[in-house]
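Trainee: Protein sequence lines, in the order shown, are assigned to chains A and B.
Under my numbering, read the first sequence as residues 1 to 614, first letter to last.
Under my numbering, read the second sequence as residues 1001 to 1678, first letter to last.
Source of the hints: derived by calculation from the structure; they are not laboratory data.
Worth double-checking, as some hints may not be accurate.
Away from chain A, derived, C-beta distances all over 10 Å, residues of chain B [unchecked claim]:
| no. | residue |
| --- | --- |
| 1 | D1404 |
| 2 | T1586 |
| 3 | G1636 |
| 4 | P1666 |
Examples of chain B residues lying across from chain A (beta carbon under 7 Å, computed) [unchecked claim]:
| no. | residue |
| --- | --- |
| 5 | E1283 |
| 6 | L1284 |
| 7 | D1398 |
| 8 | G1590 |
Just so you know, even glycine gets a beta-carbon here, dropped at the ideal spot from N, CA and C.
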Amino acid sequence: MTGLLARVKRRKTVIAGLAVVAVAGGLTVLPHGGNAYADVVPTRSNFHASDGKDYWVENHLVSGLISSQHTTLSKSGHRPEYLIVWAGDSNIADTIVPDIKHLPGSLADPIQKVKNALPGPDFLAVIDATEGSPTYGKVLNTGTVGPLVENEPHHMQYVWHKGEKIYAGGLFSAATYVFDVSKLPALSLSGISLPSQTLCGSVPDAYWVLKDGTAYGTYMGGPVAPGPCRYTHGEIRSGNGFAGTPGEVVRFGEKGQNLSESPAAVATPEDPKLCLNTPSLQVPSCANPHGIQVREDLNAMVTSDYAEPRNIILDPLKNPSPYLRRPTIRTWDISDRNHPKVKSVSYLPVGPRADPKDPLHWEDRAVMETTVTNRPGHKGAFAETMQGGAIFYTSDITDPHPVWKEVFDDWAADKKFEGGGSGPGDNAGWVQTSPDDKTLYHAIVGRQKGTLGPNDPGTTGGVFALDISKLVDAGDDYDCDIKTRDDAINGGSGSDCPDVRGQDTIGNTPAGGPHWGALDNLVRGDDGYYHETDEPQRLATANYFVARTGLDGDHRVCMTDIDHDGSLSLDTDFKDEVTGQTCINFNRKDWPHGAFGYAKPHSMLFVVADEDLK
Amino acid sequence: MKISSSNRLTAVVGTSVVAAATTGVLPAGLLTLAALTTVTLARVGGLDRAADPVLALVDPSPVGTEAAVRAMLLVATAGTVGVGLVAGALSWFGRTGEADGAQRPVARGVLVLAWVVGLVASAGCALETLTGGASRPLAVAQVAVTLLVPLLLGTARPGTAVPAGLLLAGVLGVELGTARTGLPLVVDVVFSIAGAVLFGACVLGVGVGTELGGEAGRVRQVAVLAGLVTTVAGVAQLALTGPPAGYDMLHTGYGLAALAQAAVPLLVTATWLVTAGRERAGELSRLCAGGVAVAFAAAAVLATLPHPAGAPVPGQPLARPVELPFQHLAVLVAPMRPGPNLVHVAATPAGAAGQLAGHHHGAPQPSTPPGTITVSAGGAAVPVTARPGAPGAWAVLDIPAGVDRITVTADGAPATVPVDVGDTPADPALQQALTGPDGPECASGLLGGLVAVSSVGRPPAETNLAAQCPSQALTTADADALRDTVTFLAGRGITGLNLVSDGSPRGVAAADLVRAQAASSNLPIRPVGAPTDTLLVVSGWSAAVPALTDAVARSADEPAGGIVLAPWLLASGVISAAPSEVLPLTFNPGESPARQYGATVAAVFPGEGPSTAGYLAWLRAGGAGAPLEPRATFYGAAPVDVPMGMDDMHMGGNPGEWYPTGTVVPISPPVGPAGAKQ
């Protein structure tokens, strides 16, 4: 009996001990989420730059995800497609508070914010964009650039074609990076252009890659130092300094070398009222090129002037002049690829709803983007205005004196977004023709509260598609011309005016929509390889502009499906791997390159590895 | 005896507790719990505010309600844990001995107390959730465990409350310990668990008095043992993370809270020791329970309070945060010698710590304290004022030897900053430079050095940060840069130079060098104002700003020949005075280490931006950074900020950036002989 009691007692002791240890052990598991990127091994690709220093892109390949993707796709004979996103470190990163900090009684931690204020690297995110892939929407690699930080990643080229390098600019670092994407998901750095190599311009914006692999880039700001600047072919223009006026177009080689710099300003004065310069220039100019597209078959290039990109609020009590937003478009003769020459400078019409008291929101204000038609029989191009909220068109960019007419007011499409909207100040951005010239896609950030007055509730944004087939097919005889306020609100009455084919509200808060977008020009063929298509079936958008301006967005990258009838709908399968919600949220605490927190995605491209594209 | 189905679970658990308590597994479990809780916290990382001298300077902006709720929650949770563990275990010890293992019921008073503290803790969880500080699932789980303790204590087998108490003890350790890392973390976890047991023993004394009968001795043993452990933990925490200056022990909230965490458990333990068998022991034990509550409240609030910065050391600059009712100040005092001292004050409104460097959504922090701020060293109050090109506000204050504190008064609210100027007079040249027009540049250098030594964990006293101000001499590197600049400009075909200098030793030497170099390059130097000439500024910050302002005013009417600044003028308050400048620099402000310095100094000193003086001092003091280039490269500085057209949309820049609303980028290869080789 005594032995039995002793055995029972020992057993209870063991049970009790195990229970205590189990309880305590459970505590260690409770708050810890593990590290999904523990297997990431950084590998660096260096480039020895003109200043004698090494610059790099450092790959952080998530081997587990890549292996999973590869295994599944290879079974079905599919090949991977990627969305490459050029993103900047946001330095907010207050999400780097471990889950345990959300326990009751734990501290909201300002100190952590200080730690996270330290600069993190900017990067190219390589996201799986292969429909049906188990890793669809997951970040497979981040290629961080260095040693420069806070470049303010901005634009790349508008569309990627087989064999092309990716040209990517840093708005604040004034650097142009050239990336090799032939071995995706791994990246390498082919070259870099430093601001000391582009002395006649600053603030790089957008790129267009030529068939020979070289690229044009718009440098929106003026020469790096005030005074006269001599361009590659001997032209001289006097500028008012870095981020001032006039800007230029630079042609880059595939290692980032400067092949030529060409002035965007003409030698004669432009309109001194519409082309305000600070400090003033003896030869006033609106030449601050932002958007750029090229028709090599026509030996023609179009650039759109956006704004003198420096903060000129020297007197903080005054608003910046509305005349710092440019109303001009330039066409160029690029017969000599290395010596583009400005052929025309056109002033856009102010539009029928222009309020004389509010020149900032005239339809012609801030010509951010332009896009050319693509088919051999078409010679036209479109342009859009960010503050103006309107779309303009000319039927022939080879004409020495092209005529630009307003053919669509964003108002007619914005009002169809959830919550409604209107054109003025809608912060319109990306605009792109489809390769078949039938559709024009346009991204709208939306308007912040109070933009048009204290009672302005602001508007939401998204992306819409316009049917432009009749307009483009009409050639020089098109009759669309927005001349009345009714045309602005409801669409033009001309027989060939664009119609809204579809719209997709993205971001349900005022000014929460996308600034940028990219068409997926690649489609998987029956042979398993990717081919270029004239009829893209989806597009990607990014909700970010430039944080410093206050237009920060929610840092999401979304996928929108394009139906055969042109209607648009959000791809709900393109989900964030952390939150499980639709769209990829760049506000996350962990990246393959570390716990650097929030990031700012500005532009993106659909890309596949060379071996997977025919 | 037949066991009812409703009591089967509690019977099993209670049996385990019995075994545990009687074989020593319970104490071992508590130790294991402490160890594993510590490991948990170590894995997820704590805040460790006190361990990092740089972060210690940062305004933690404690929110009064947040601190109060945290204190309420942790005190009540500690009470719940303590009652659950001690009362539950004692009930088992007091079991009747019958076959069914019936346990002594918990006295009604204790049960009421257990419910009170449990409900208060639950209310704390709810408040934390409502204010957005806690996740709902975690809060609900904690409330469930918390209420389980009094619930089980009220059953026929109160011993079953012990496992719930153990679980809650782990949670308590986690919550109290989130403010620490390393050894201080271990100490806090031990404090929380031992303190909770002590709390429970005290509550038992309050609630049951003589009802304990023969168990009273056991309660006392538990109380004394737990009290000793708690005391050791509290004292250890004071030694590890207490204020470095004795003054701060009694004059800051942090010091008082740290003292309470250490001293109150000692007093409580002593009370238990001396009250054995005394009259009025019940009242004393009630007092002890209140004392433990105070100790827990102090430990809970401690983590929300700013940790006092380092003690003043004669001859070393002192940077300290100062909390006032409506704003958080940062104060720098140098050279900390008898006589005139430079006092630099920066401010943010209290509670604005979320608007820190790097937070792009925030409006720029005020670079000048609002309202009226004065400083005094016992004598007349001296108002702090703005200086051209410098952030924050400034005063020259005479601090006699023997004065141990200065008073900073903002909008009528005073605060004290301890000082120790010693008896040794300051180097006259240093004192003159610091208290003269170039003082802000010198102070920027001192701050750079301070944050660097703090970052690398070196005491400031080991690095002679205040050896010399930049304006006291023209360095060889700066001389080379200026010489190369003039040569470069002459080669660029500029028409002439407008030279702006000042009377500092550096300014005089720089102007002489520029004139000599210009003469050898046949470059004319003309009076300032010649429209096509290039403006070359080699003065200090205070003279540079009006020169740039004048140049900007002239450029509105006539094109300017550009502006070139000496390397030491790279400071946001200077370069933002004109739309575009060129500077010869031997480091790239766009690279990571330079940005790290800028972000750190801005976080430490509200509104403070990086400067050449600060970065060079940061490097000298061991801060992260690449070696300086042997020859300067020209950098362009300009605003880049596409205006969006509305004042309230224009969010401004980050004060931690070299050019908060612009950028500074290289625009040339290295100049001079070394650069020519590349």
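Trainee: Which earlier hints can't be squared with this structure?
Mentor: 3, 4, 5, 6 and 7
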